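Protein chains: 2
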Amino acid sequence: MTDAQSLRIVLIGAGNLATNLGLALTASGYNVVQVYSRTAASAGALAERLDCDFTDGIDKIRDDADLYFVAIKDSALEVLSEVLTGINPNALWVHTAGSMPIDVFACCRRGVFYPMQTFSKRETVDFRSIPVFLETAVADDMDILRSIADDLSDKVYELGSDDRKLLHLSAVFCCNFVNHCCTMAADILSDKNIPFDVMLPLIDRTVEKLHTFTPLEAQTGPAVRYDENVIGMQMSLLNHRPDLQHIYELMSKSIHKYKIKGKKEE
Amino acid sequence: MTDAQSLRIVLIGAGNLATNLGLALTASGYNVVQVYSRTAASAGALAERLDCDFTDGIDKIRDDADLYFVAIKDSALEVLSEVLTGINPNALWVHTAGSMPIDVFACCRRGVFYPMQTFSKRETVDFRSIPVFLETAVADDMDILRSIADDLSDKVYELGSDDRKLLHLSAVFCCNFVNHCCTMAADILSDKNIPFDVMLPLIDRTVEKLHTFTPLEAQTGPAVRYDENVIGMQMSLLNHRPDLQHIYELMSKSIHKYKIKGKKEE
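Protein sequence lines correspond, in order, to chains A and B.
Mind the numbering: the first sequence is residues 664 to 929 in the numbering used here, read in order.
Mind the numbering: the second sequence is residues 664 to 929 in the numbering used here, read in order.
If you're looking for bench data, these hints aren't it; they were derived computationally from the structure.
There's no promise every hint is true.
The list treats identical chains as interchangeable, and a pair is accepted whether it falls inside one copy or across any two copies.
When the alpha-carbon atoms are kept at most 20 angstroms apart in a straight line, the in silico DMTMM-like pairs for lysine to aspartate or glutamate are as follows [claimed, not checked]:
id	residue 1	residue 2
1	916	867
2	855	826
3	784	821
4	855	821
None of these values were measured; they are calculated from a predicted model.
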């Protein structure tokens, strides 16, 4: 057992990220002693998987833990940070949010442990391949977080709050916006009752190419060469979906702009 | 040797799609006799890989073939279709473009063979997993195209020109727009010299989820719940990139709208 593994850890939150983090911690021999969530049902469900106590009362969160991982939504983190750290002001308080600064906590021993991945409760992921970005206010606490992160993941980086903000913004583009392009495609196909599954080989290959080429190099399709015939025809197919039509137009113009810029820089 | 394998095939075009199609045809025992391209260099390069003749003169395209696959860009297809089919008006003329109607050819025996995938010359792909969409004007020609498509791919569908247009539009969203989201992310990261590779586990997982969940179910991030604090902060990070800021705003609003619509339909 390492020093870090002897720490008593409380997990604040029982959502997608908290669930995956909790499972990875216990699988690596860490001692999660309690789960807190607003609802007893979700706190209890995660506590059962981690074999620990749980509570739905903020006033019942244990005040004798060494390390608190706070994995709740950003707006709740802003509201609750003072109340939470007040429970045990000398402990190490760590949040897991990509876009929140470390200073959302006012306590001395504060930190960030940001695993950049899209999580769901129903499907747990292999934590080893997830890049984890760390920040602490106190140098000794970095040793603790690094020790934990190294046990959980093969890709551990230190990164300040400002850089992490940009990283998280990029993650929104690479995950949420990528996924939304597929939502829009599924919606277009639904008009003709074509199942979305037919798109999966194309999507898989699109992403596979990114392991070999830069996204700029990998780009294909009508917008690269700004083929006005095809673009005009495809715009007209979206006449009854003005939101999608607007997105289609902006994305096509942006693809073309990047292509021209890329050629100039060659 | 099947009947289809005895056909003399001419390949018009030597680009990404033509290259992959030509290689798949010869690997399945088909008889590609000639490659045409505007430039002798690219025609010759593909002809060498297919072990056949080539030409860069439209007037030198063979007039004794049974089947012509036309895999050139859409704008060229529109301009050249009449000249091309005039070379051998009784043969079967087939194009490979998702968004072009079958009637771009005026000849009697016309067809479409649309392999929905993103191709590159440098990396050949396994054709078996690529969905191929077929259309012909004459029923007997469907038998020929289906026989070829079945030899090359496990996923062969018949689809009319109107439906194929929507399919191709969806493919633009799932491939070109997905890739462009990654281009923009790479651009954002470049400000901080963070390598784009760090995003790959997130992107891989984002797409992996689509094999289990619908894209609407799979969506996460600040836009789903329209978290105004995070969205406002991320918008401000893009102040010096107004194009990306505009796309960020539209995509976030659209994600939220779909979520609300999805909940109403539940």
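Here is what the structure says about each hint:
In this assembly of identical chains, residue 916 and residue 867 lie within 20 angstroms of each other by CA distance neither inside one copy nor across copies; the values are 24 angstroms within and 26 angstroms between. In this homomeric assembly, residue 855 and residue 826 come within 20 angstroms of each other (Cα to Cα) only across copies, at 7 angstroms, whereas the closest approach inside a single copy is 44 angstroms. Taking identical chains as interchangeable, the C-alpha atoms of residue 784 and residue 821 are never at most 20 angstroms apart, the minima being 27 angstroms within one chain and 39 angstroms between chains. Taking the closest pair of Cα atoms, residue 855 and residue 821 come within 20 angstroms of each other only across two copies (14 angstroms); inside a single copy the shortest separation is 49 angstroms, beyond that limit.
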